[in-house]
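K.L.:
First to last, the protein sequences are chains A and B.
Sequential numbering from 2 applies to the first sequence in the numbering used here.
Sequential numbering from 23 applies to the second sequence in the numbering used here.
Check the hints yourself; a few may be wrong.
[Stated by the list, open to error] The list that follows gives simulated cross-link-like pairs (lysine to aspartate or glutamate, EDC-like), each with its CA atoms no further than 16 Å apart:
#, chain 1, residue 1, chain 2, residue 2
1, A, K361, A, E41
2, A, K9, B, E123
3, B, K98, A, E41
4, A, K11, B, D96
It should be emphasised that the hints constitute simulated quantities derived from the structure, not laboratory data.
Quantities reported herein were computed from a predicted structural model and do not represent experimental measurements.
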Amino acid sequence: MSFLTQAKTKRFLAVHGWSGTLLGLLLYVCIFTGSIVVFEDEIDSWSRGQIAYHDSIGTLVDHKFRVAARNVDRKYYEEVSIFRLADGNMRYLFHTHETDQETGRIVEPIVRMTLDSETGDVIERWEGLRSELPSDPGGALRNFWVDLHVQLYMPNPYGIILVGVLGLAMMFAAVSGILIHRHVFRDAFVAARSSKRLVGARDLHVLAGAWGLPFAVILAFTGAFFGFAGNVGVPLMSMSAFGGDQEAMIETIVGVREDIDLTPAPLAALDFVIRDGMSRSGAAVNAIQITNYDSAGAKIMLQMDPSPGSLAPQTLAFDGVSRRFEGEAPLFGQAPSIGSSLLGIIGPLHFGNFAGLASKLVWLGMGLAMAFVTASGMLLWTKRREKDPLWRGFRHWIVVTVWGLPFAMLVSAVAYFITVPVADPNLWTPLGFLAGAVVAVGLGLRTESTEARLRLANAALCLAMPVLRHLMGGTSWAEALIGGGTEILVIDILLLAMGLLLLRKARPAVSDREIAPITPIQEPAE
Amino acid sequence: MARDMQINTDVKQTGSDAHRREGPLFGMMSYLKGANGFLQSNARTVRWVLCGPTTLVVTVLLMMGAAHWLPEGDAKVDNIALPVLAFPLIWVIVFLYALAEENLVRGVAVMVGLIIGHVGMLLAVM
Numbered sequence: 002m003s004f005l006t007q008a009k010t011k012r013f014l015a016v017h018g019w020s021g022t023l024l025g026l027l028l029y030v031c032i033f034t035g036s037i038v039v040f041e042d043e044i045d046s047w048s049r050g051q052i053a054y055h056d057s058i059g060t061l062v063d064h065k066f067r068v069a070a071r072n073v074d075r076k077y078y079e080e081v082s083i084f085r086l087a088d089g090n091m092r093y094l095f096h097t098h099e100t101d102q103e104t105g106r107i108v109e110p111i112v113r114m115t116l117d118s119e120t121g122d123v124i125e126r127w128e129g130l131r132s133e134l135p136s137d138p139g140g141a142l143r144n145f146w147v148d149l150h151v152q153l154y155m156p157n158p159y160g161i162i163l164v165g166v167l168g169l170a171m172m173f174a175a176v177s178g179i180l181i182h183r184h185v186f187r188d189a190f191v192a193a194r195s196s197k198r199l200v201g202a203r204d205l206h207v208l209a210g211a212w213g214l215p216f217a218v219i220l221a222f223t224g225a226f227f228g229f230a231g232n233v234g235v236p237l238m239s240m241s242a243f244g245g246d247q248e249a250m251i252e253t254i255v256g257v258r259e260d261i262d263l264t265p266a267p268l269a270a271l272d273f274v275i276r277d278g279m280s281r282s283g284a285a286v287n288a289i290q291i292t293n294y295d296s297a298g299a300k301i302m303l304q305m306d307p308s309p310g311s312l313a314p315q316t317l318a319f320d321g322v323s324r325r326f327e328g329e330a331p332l333f334g335q336a337p338s339i340g341s342s343l344l345g346i347i348g349p350l351h352f353g354n355f356a357g358l359a360s361k362l363v364w365l366g367m368g369l370a371m372a373f374v375t376a377s378g379m380l381l382w383t384k385r386r387e388k389d390p391l392w393r394g395f396r397h398w399i400v401v402t403v404w405g406l407p408f409a410m411l412v413s414a415v416a417y418f419i420t421v422p423v424a425d426p427n428l429w430t431p432l433g434f435l436a437g438a439v440v441a442v443g444l445g446l447r448t449e450s451t452e453a454r455l456r457l458a459n460a461a462l463c464l465a466m467p468v469l470r471h472l473m474g475g476t477s478w479a480e481a482l483i484g485g486g487t488e489i490l491v492i493d494i495l496l497l498a499m500g501l502l503l504l505r506k507a508r509p510a511v512s513d514r515e516i517a518p519i520t521p522i523q524e525p526a527e
Numbered sequence: 023m024a025r026d027m028q029i030n031t032d033v034k035q036t037g038s039d040a041h042r043r044e045g046p047l048f049g050m051m052s053y054l055k056g057a058n059g060f061l062q063s064n065a066r067t068v069r070w071v072l073c074g075p076t077t078l079v080v081t082v083l084l085m086m087g088a089a090h091w092l093p094e095g096d097a098k099v100d101n102i103a104l105p106v107l108a109f110p111l112i113w114v115i116v117f118l119y120a121l122a123e124e125n126l127v128r129g130v131a132v133m134v135g136l137i138i139g140h141v142g143m144l145l146a147v148m
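Please take these sequences and the hints and turn them into a complete structure.
P.N.:
Right, here's the structure in full:
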């Protein structure tokens, strides 16, 4: 069923196709990397080669924290964060706020400590400004892939805003896809025709698009929100609602605690507070924040994992001295509200982490389906115009990008594993990606069998990666099995399976197998 | 010959129709016809401007304006949070309207009306 007249349908189809063609390559990069970094925590522990400890900070925190805090200047007690790292060690951040004398800006002096979670020994201590915090070498691969997705590795805020624009384009593509396709719901239940011509490829595009539609709308909406909210939305709203007075806005949103009693007073037993929070929420504690530690005005905030059956995680507030439960702290504002509740579910909906591995797997699968829809849409659009050498050339480079992106990501992983023991992987991982991209472009310069060669290169790297990881000192499969490091095992096996699958699929893919002559298809597509 | 015919036509249109041509309503109608002609003859450019920069401006203004007419809620933040949250949705709706509207004059009028209305409201309250 179509809601549009023929003229409108043509107009919608033109914008659907052109916007997809112009922004499609970037959109593909964004969607593909997004699908992969759904597993960012698992990738992090896999790349570190360590058994992951799954967030929860446990219930025996109090003593080790107090011992560590004794070695920190009181001025840093203003705000303290406690959380567990992927390698199982504990991280304490003590920080305060000061006005920089030269620039007049607010800066955050910080003391960062990493402690062995078993012995409580300080493994690392760093002091300085938050803006100068050294990057964690072990997390270089995860951070690079996440940056690639979040801001296309461009400077902030341009990259994030560009990704927001891509989110808007994806939203329009999804909505207009429903409107221009007359039988979208019927075709969702019809298998693709096995034709080797354009019609078969179009069937696959429609099939994947129809099933992925709700997911595409959710991801595009939440992605566009993340792209615009911080850099555009909030500043504009502060201008509109508060006449540009950002302090007044912050006061409304997070509140200002006046007359804080800074008289020294011992903090309530953290372990009791943690148990109290867990019994109230039914979930484990993800992180702890303490404001004005060791004073009568102290507050303890527990950031919980999502409770069973709940999308958004809770934050529970306690008095820092008496341990009295003060209620659930809303994400936005100082009291529960519709706006805060809706904002709270944006993150879980975008990251797909609300139901553990099951939801992450669905998000990965649907994300890859959307990447396929984007790529196949561009290939269809250019196939219809391939009599023009310009379009034919563009089509070739779409194929290079589709296969070159995973190849460059795999090369960045190779660079990470090789440089972790000897150099700074924060530098070499992006350089590895660049090298991979250059190689992919080089392979694409010869127009014949580009796809087959890139597929073979991807297969070789997928098969080599687990071996390389192990050779560079990563956890062995036996150690992973005994220690419960399922992430390491699963990602290695997935890479091997993907490598074998790519090797086995010797027949040319969609882009190469469509043979001339092409049956012209009347627009609008049915 | 042609000049004579033009004169004759002018003469025929005097009399009872004269007051219509000189009234303010006729002036406005004539202006709108001219505007319609301009929009139709530049339909593609107008559509681009409507769907591109105009849609963005209207979306931003609708978001900013909503802070003043949406209920604040008990926490006094709903009027800030909901418009920021709805920004992508507002953009898509305005964009779809700008693209789907067959009558360009009406499309331009709606968009310009939204801009003027919201700019006026924001200037009054800010």
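K.L.:
All hints are to be evaluated individually against the structure, with a verdict given for each.
P.N.:
Now the hints, each set against the structure:
1. A:K361 <-> A:E41: 10 Å, holds
2. A:K9 <-> B:E123: Holds - the C-alpha atoms of E123 of chain B and K9 of chain A are around 8 Å apart, at most 16 Å.
3. B:K98 <-> A:E41: The given pair, whose Cα atoms are some 36 Å apart, is violated under the 16 Å limit.
4. A:K11 <-> B:D96: 47 Å, violated
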